[in-house]
Amino acid sequence: MAPQSWYLIVSALLFGLGIVGFVTRRNSLVMFMSVELMLNAANLVFVAAARDHVPARGSACALFVIAVAASEVAVGLALVLALFRLKKSVDSDAVRELRA
Amino acid sequence: MDLATDLAATAPLWLPMLGCLAVLLLETLAPGRSGHLGALVAGAAIALAFARLVATAPSGRLPFGMLADDALGRSLTGLLLLVGAAVVVLAEPLLARLRLAHGEFFALLLASLSGMVLLVQARDLMALFLAVELLSIPLYVLAAFRRLSAPSVESGFKYFLLGAFASGFLVYGIALLFSTCGDTSYAALARFAADPARLGATWHVGVALLLVGLGFKVAAAPFHGWTPDVYEGAPTPVTAFMAAGVKVAAFGGVLRLAHEVLPDGAGLRAGLALLACASMLVGNLGALLQVRLKRLLAWSSIAHAGYLLLGVLVVVAAKSHAGATGAAATPLADSAVQAVVFYLATYALTTLAAFGWILDLGRESAELQDLRALRGLARRRPWLSAALALCFLSFAGVPLTAGFLGKLYVLKAAFALGTELIVPMVVLAATSVIALGYYLRILSTLYMERAPDENAPAPARLGSTGVALLIAAACGGVLLFGVWPEPLLRWLGG
Amino acid sequence: MSTVGALLLGLPLAAATLIGILHRRLSTRTAGTLAFAMAATCFGLAVAAFTHLRGLPEDARHVAATFWSFLELGRGDAALTLDVGVWLDPLSVTWALFITGVGSLIFLYSISYMEHEAGGARYFACLCLFLFSMLTLVLGKNLFLTFLGWEGVGLCSYLLIGFEYGKETAAQAGRKAFLVNRIGDVGFLLGMFWTWKLFGTLEHGELTPKLAAGLAAGIALPPLLALCYFVGACGKSAQLPLFVWLPDAMAGPTPVSALIHAATMVTAGIYLLCRLSSLFVAADWALDVVAFTGAATALFAGLIALRQRDIKRVLAYSTVSQLGYMFLACGLGAFASSAFHVVTHAFFKALLFLGSGAVIHALHGEQDLWKMGGLKHHLPKTAFAMRIGAFALAGIAPFAGFFSKDEILGVAFARAYAGDPACWVLWGAGVLTAALTAFYSARMITLCFDGSSRLDAHSHPHEAPAPMAIPLNVLAVLSLVGGIGLGFEALHWLPLHHWLAPTLAPLDLPPLPGALLWGLMTLAFLIAVLFWRIGAKWYSGDCEPARAAELTFPRFAGALAGRFFVDEIYGALIVRPLRFLAALALQFDVRVVDGAARGLGQFAALVGTGVRIVQNGTVQRYAFWMVAGAIALLWLALG
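Protein chains in written order, with numbering that gives the first Met the number 0: chain A, 0 to 99; chain B, 0 to 493; chain C, 0 to 638.
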């Protein structure tokens, strides 16, 4: 079985990928997908760590995160939709009226 | 575990949730007509929760093994419920005027409020995460509540994107802490952290990421980018809710973490000091040239996050002071917690008054937010001007206002540690001087400058008795607690 | 006594609240009468407190009264308890006496002065609030209440300077005063926290004995602690380099200048130094800083005063200069002499300001000395009173200022005589300043009242009405007898010093021999008279310095080298350098001091702009900063 540090390294890579994606992409849907990558990096850690500790706890945490992510998606998509109605674009820099 | 006892102890948590469901049900039964009724139900739910809170004494137990039923949780819960009630008062007339009288507003408000209450009571990292999400997700929608108004949607959208990004950090931090300690409850984490030898890189990274996530919620620099934009775009009652409620709740969460879990360490101290100093500097400098009232308050809220973070830093640093061991609390840490809680109470009070003011004078639309529209207002609206002046004096920490005592207690707690925290203390003193620059500018705008057109009619007011009473009560509180803080201290001290 | 203390604070507050609430309905006269009655009652109460303390044995002359507990925070070692209450002892009662005494005279004067101004009732509300704050500052039973009063007087000063909304200069001056004072406040606050940390108390009743005992036991205190308070005192009492606000503060109504910016508020810094005298003495070189700052300020402001056209500005710089004397005295360890000068200065400077107010009133707002002249024919009573004030300021015997100023110079001389060479510099600066003071006092009086009229043809100045004249007369009497009545060192008549002795750090200096004392007095007197005459002659008539010199010293001039030569000597040795120095000092004020203040503001504004450029509205930019912050936190956590 692979040692825990391997899982940590993979999850850190996923997390970093998510950050880079969020900061570099403009399309808000892609940005949100990057956030999902970050959340799932955390899930990977939860599940991998669960093996060494109390398995049920880690899995429960991962489930919580998945559930919360789902509700975030629901609200997020609604907001993106509202934005699209007003601006005909889903790019995050389509809205820059509030600044300075 | 006795379910009934646990439920009884957590009434302030689930009563708003129940109210939320009730409002939603009303909305289904009578679509579009539940406006006033929604406000009533929301007010009733909050009042009930508050009554439950006052009627019972903290048991010190751990309801559901994840929550706290102690003095700190109770006083902050009480504060949050009061903020919630105030926001109901603020929102009702505005929704009616904008013909947005949807029950959903109050349902979302109540859901977010119960998230806040959960946050100050959480004693488990998963409960903390859930609480943060439960308070944030309804707020994203509330910020964008005027869905045909571009600024409102922009504000909700930005808040959502960056908020989700921040929760990514938060969750990953929690996951790392879980992976190194094998548990998410505060008690287990504190036991684990009691032995410094066990704290490896994973732990430190986890704590740092946790700070990123929570730093976003408290609007600390450099995680503050959203604050001015979202504060400006969101409907004013929602902004008030964010400024007062989220600040109290998020700092409640941070405070409990700092008090019960995080062991003192050079890295943590440096990190907190960095956030505190950055917030004080960025917030005050950003506010210096700001001409729009809501944005000005946003920048000032960033600065206040910095002052409060200094208090949190004292809580952490006090642990290794005076011979205390591990994460055990010391009287010094306790007094620092008390100082931060008092600061939060005065800040919430002043913030509610200020946003109530903005609402009352119809500064809802962007063009009226310009400070120049307030020139010479003191002649035509003397009482309102005095109220705003008082708010800003309290924000600036001028003596005989509650804000002064808040700052004093935090500084005092920091001073008890000697010169260990000298850098953030000096930054606090220096930025307070900068802050006077813009606070006084508002005073001089109100009192010293002349209106461009002396004969123009005085700006119209919202005409809501509730809002006027709220402003008066909050200002009265700011003055009263500024001279006679004992009652507030006793209430907050539990 | 606790009732008296409560009333001393309660009455002004009640009056301020009452007038403040009713200010739209009350006429200026009603509000002013009410305020004056309150101030006079307060003076009576202060006298009652004074007689009560006099009746007590010397080492038990203090009364503490607690009204309620303001703050209780923390427990154990970290506990901080602050009470709201009063502390009556010789020091606080002395201040209370002249604050309420001079204060009620100025209140009375204001009734007439403000009669035709808009918002007179609001003015009196502010004035009452000021009196309340000032009494809190002085009588408060702990340093914290003193600080509250300190902030309160600052706020009232700000409100009263900017009293006339419309005047942009007034608004600006108000802001400047407030900002400069905040710098001082930071010092006070830090000092207060430090004191609390060192001594565990801020109560005057506990702190003063502790400090005195520590001083007697020879325990040294950190000089920085004293300097914290010193910075605070510098801000409030307008010392270098924080004095810039005071001359600008003259934009406010003249009675305000008299009360706040000459007689009372600006002496708060001296009060603080006296209150903490044992702390300062025990703090090593801190007193030297005080002394040199005081001497430098006295000289510097004296030089600037030479060339001011605005009568109120002359008085403002002279106030700064006199405050410098008081700091010098504190710095030499002669706190009682400093307090003595505070009291006499309150008399004659209030008189001068009120007199100048009468002049300005008579000339319908004209403040330029070069547009006055010959006013003694129109305003004989005012001219007479002003002349007495100016004599007192110039230090001409037997007027009040002579005795107190001479005492300060005497202490400086005695220190130098006792073997401290640096004190020769201080003494020299003091003497030079005395000469300058006499010179500019004479210049002011001469330009204003003597010579030929340079008034507008249309103006018909008239003497001030009775409510304005009575305070002038009373103050004139006090300026005449206030000095000799309170202290005459050479005759060992020092009632004020004995009265204050239990509350101040003793002066560790052997007294000078009597003959030397008389000699120094004569010297000071001669210098004052000489320079008064020079000043008076230079500026009389058409102000030709040559003619002035010739007329003053015909024999002296003739014996030296004839008229022109004297003129040349004066011109080359005194006038040019003095003018140059005065110009330099003014430039320093304008360029360096103001410039530094402006530069700091601009820097802050620049950074503010930078912060706002970062705030460009895009989510990516914000996220980028979040990531940068996260990386910084990680680096700190792992490093």
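I should point out that these hints are in silico values taken from the structure, not numbers from a laboratory.
Please note that the accuracy of each hint is not assured.
Claimed, not checked - Simulated restraints, written as ranges between beta carbons of each label pair:
id : chain 1 : residue 1 : chain 2 : residue 2 : range
1  : B       : Pro30     : A       : Ser88     : 49 to 55 Å
2  : B       : Ala187    : A       : Val19     : 43 to 49 Å
3  : C       : Ile612    : A       : Ser88     : 20 to 26 Å
4  : C       : Glu116    : B       : Gly361    : 31 to 37 Å
5  : A       : Leu80     : B       : Pro30     : 56 to 62 Å
6  : B       : Arg60     : A       : Val29     : 44 to 50 Å
Remember, predicted model here, so these are calculated numbers, not experimental data.
Glycine residues also receive a C-beta, built at the ideal position from the N, C-alpha and C atoms.
Consistency of the hints with the structure:
1. At roughly 32 Å, the beta carbons of Pro30/B and Ser88/A sit outside the given window of 49 to 55 Å.
2. Evaluation of the 43 to 49 Å hint for Ala187/B and Val19/A yields a failure: the beta carbon distance comes to about 34 Å.
3. For Ile612/C paired with Ser88/A, a C-beta distance near 24 Å keeps the hint of 20 to 26 Å intact.
4. At roughly 34 Å, the beta carbons of Glu116/C and Gly361/B sit within the given window of 31 to 37 Å.
5. Roughly 21 Å separates the CB atoms of Leu80/A and Pro30/B, a value that falls outside the hinted 56 to 62 Å.
6. The beta-carbon spacing between Arg60/B and Val29/A, approximately 46 Å, falls within the hinted interval of 44 to 50 Å.
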